[in-house]
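S.K.: Sequence:
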Amino acid sequence: MTAEAQLWDICKKRIVKNKEDQDRLDEQYVEYRELVKGINKTLIEFRKSLLTLPLPVAFRTWVASTKSKKKAQERLKQMLLLFDSRVFFLKETRQALTLGDLESGGQAVHRYIIETIRCSSDWSIKEKEKLVLDYIEFGTFLSEDTNGLIIKPVDPDRESVTHKVLDYDLFLEFSQELPERNSLIAQLLYFGASSVEDVISLKYRMVKKRKNAIQYSKYSVIYPQHVIEAVLRYTGRKEGKEFVFLNYRNNPVERSHISQNFKRVSENMIGGKTITPRTLLEAKTSLS
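Everything in the sequence shown is counted per the numbering used here, starting at 825 for the first residue and increasing by one.
Source of the hints: derived by calculation from the structure; they are not laboratory data. Treat the hints with care, since some could be wrong.
When the alpha-carbon atoms are kept at most 27 Å apart in a straight line, the in silico BS3-like pairs for lysine-lysine are as follows [said to hold, decoys possible]:
1. K976 to K1065
2. K894 to K952
3. K895 to K988
4. K1033 to K915
5. K1032 to K1087
6. K1087 to K950
7. K988 to K976
8. K1087 to K1097
9. K1097 to K988
10. K1035 to K861
11. K1035 to K915
12. K950 to K895
13. K893 to K988
14. K1065 to K1033
15. K950 to K894
16. K1097 to K1108
17. K950 to K893
18. K891 to K952
19. K976 to K915
Build the full structure now, drawing on both the sequences and the hints.
M.R.: Right, here's the structure in full:
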């Protein structure tokens, strides 16, 4: 007798006592196996269909599921903005993304879409964050609608700073109030640098565009693509200089100046919480 048959015989004897009920268990086992086969067959057929189904098919379902007419119109507007900006097209092939791309590519494709939104110059930072949240809401609906076949999207920026003391939304508000140079310094600190000195002494050659990384003197940090692109745009206006962040005398910016600016800007925000360079570096695990 096989191990499977032995296990089944023992289970039947322990679960039910009479032969009629044991025979019923045999029937239920066969029924279960047929159900599993049916589900697997349906999933295979569904996957094949997904390969060519364009995203608008899911967008229509998402909008149709919205009970509020106002909310439905808002969703329609946001999705049209993304389509008009070709967010849902692959740069390499210029082909529109399909549901199959989302199923097979998983989080990598979600990340591609979110990064494309954040790298766009068509919208303000506030508008881009709203579009990202809308896309994540759509992706979550799509995952539920496909019973998890397409996974839920995760915001890579928010995910990368869950360990930070400073809340992401508060940081976003704060960084938008800073001058461009100081905002970039804040982003480099918040998204991975280990010290203020590393950032203010940043040199052009340390920025690695292809890797979306910065090679500091003793370590390397992979940053969100939109952060690296913003740094590169800024450095492009400072050609011929060794350091990225300079003061009006063309010397490396001083830490004290950055700290004063951060303090002044943060205290003028709603809530008036003081934010310093150290605040951006601080992780929850470092609190005692």
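S.K.: Are the Cα atoms of K1035 and K861 separated by 27 Å or less?
M.R.: violated, 44 Å
S.K.: Sort out whether K952 lies within 27 Å of K894, counting only the CA atoms.
M.R.: holds, 21 Å
S.K.: Next pair to validate is K950 with K895; report whether the Cα-Cα distance is within 27 Å.
M.R.: holds, 19 Å
S.K.: Keeping to a limit of 27 Å between CA atoms, is the pair of K1087 and K950 held or broken?
M.R.: holds, 22 Å
S.K.: For the pair supplied as a hint, K893 and K988, is the alpha-carbon distance within the 27 Å limit?
M.R.: violated, 38 Å
S.K.: Would the pair K1035 and K915 pass a check requiring their Cα atoms to be no farther apart than 27 Å?
M.R.: holds, 17 Å
S.K.: Please verify whether K988 and K976 have alpha carbons no more than 27 Å apart.
M.R.: Within the cut-off at roughly 23 Å; holds.
S.K.: Checking one constraint from the list: CA of K976 to CA of K915, max 27 Å. Satisfied?
M.R.: Roughly 23 Å between the alpha carbons, so the hint for K976 and K915 holds.
S.K.: If you draw a straight line from the CA of K1033 to the CA of K915, is it 27 Å or shorter?
M.R.: The hint holds at about 17 Å.
S.K.: Take the C-alpha atoms of K1097 and K1108, compute the straight-line distance between them, and say whether it is at most 27 Å.
M.R.: holds, 17 Å
S.K.: Is the Cα-Cα distance between K1032 and K1087 27 Å or less?
M.R.: Not satisfied, since the Cα-Cα distance of roughly 31 Å exceeds 27 Å.
S.K.: Is K1065 within 27 Å of K1033, Cα to Cα?
M.R.: holds, 18 Å
Of the hints listed earlier, those the structure fails to meet are numbers 1, 3, 5, 10 and 13, in rising order.
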